[in-house]
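S.K.: Residue numbers (our numbering), protein chains in the order written: chain A, -1 to 111; chain B, 198 to 311.
None of these hints come from the bench; they were simulated from the model. By construction, the Cβ of each residue, glycine as well, lies at the ideal position given by its N, Cα and C atoms. One or more hints might be untrue.
Said to hold, decoys possible - So, partial list: chain A residues that the calculated Cβ filter (under 8 Å) puts toward chain B: (1) P42; (2) I91; (3) L99; (4) A103.
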Amino acid sequence: GENVEQHPSTLSVQEGDSAVIKCTYSDSASNYFPWYKQELGKRPQLIIDIRSNVGEKKDQRIAVTLNKTAKHFSLHITETQPEDSAVYFCAAIPRSNDYKLSFGAGTTVTVRA
Amino acid sequence: NAGVTQTPKFQVLKTGQSMTLQCAQDMNHEYMSWYRQDPGMGLRLIHYSVGAGITDQGEVPNGYNVSRSTTEDFPLRLLSAAPSQTSVYFCASRTMTGPVGELFFGEGSRLTVL
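Chain A extracted, bound-state conformation (with noise of 0.2 Å):
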């Protein structure tokens, strides 16, 4: 199956700064990869997520980059806010499986006003 390590656990920022949460995969033949955003006490929700056969992409003030060939991928929040605070997930789905979405640990994300 599909092991996915997302760094750091934790992460606080200034409002207005920006944040970076790294994850990586085991299985080089996934082929896509979601992220989601769960502020507290609420579900989990899709913010942002990018095919393998696309680098980057953006949505306003996230982005989101892959790299393929070491098994990466990234958020980018820029221009942090208040709301941006929330645990964010990134996931991965294996081409041998896509019926088995695997989840990182999650990163708890603060911005300091």
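Place chain B on chain A using the hints.
M.R.: Frame of chain A; chain B shown alone:
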């Protein structure tokens, strides 16, 4: 659309008791799944289903049973609860039309086993 609905939101059990967590979706999604969330361990897949009558094991299936008699419902059963099953449980669904995409989560069910 209500999306994915889970009940109950909170439950306290004693060791050895049984219970069922209910999950329903009204998006006509073929794929449904159950995850458990524990501190520092992310979301781990328990069981999943790709259609009525079809279920399969995920990463941590021991101690849990599932069935899928309809497209809409995917209950998770704990036959003999153990303290190690104290967790927050999420049901999630997605369409299987087109490439794999967004997983829609329910609000979660917090289970405590004493």
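S.K.: Now tell me if each hint is right for this structure.
M.R.: Quick rundown of the hints versus the structure:
Taken as an interface hint, A/P42 checks out: its beta carbon lies about 5 Å from the nearest beta carbon of chain B, inside 8 Å. Hint on A/I91 holds. Least Cβ distance to chain B is approximately 6 Å, under the 8 Å limit. Taking 8 Å as the C-beta cut-off, the interface hint given for A/L99 holds, the closest approach to chain B being about 6 Å. A hinted interface residue such as A/A103 counts as satisfied when its beta carbon comes closer than 8 Å to some beta carbon of chain B; here the least separation is about 4 Å, so the hint holds.
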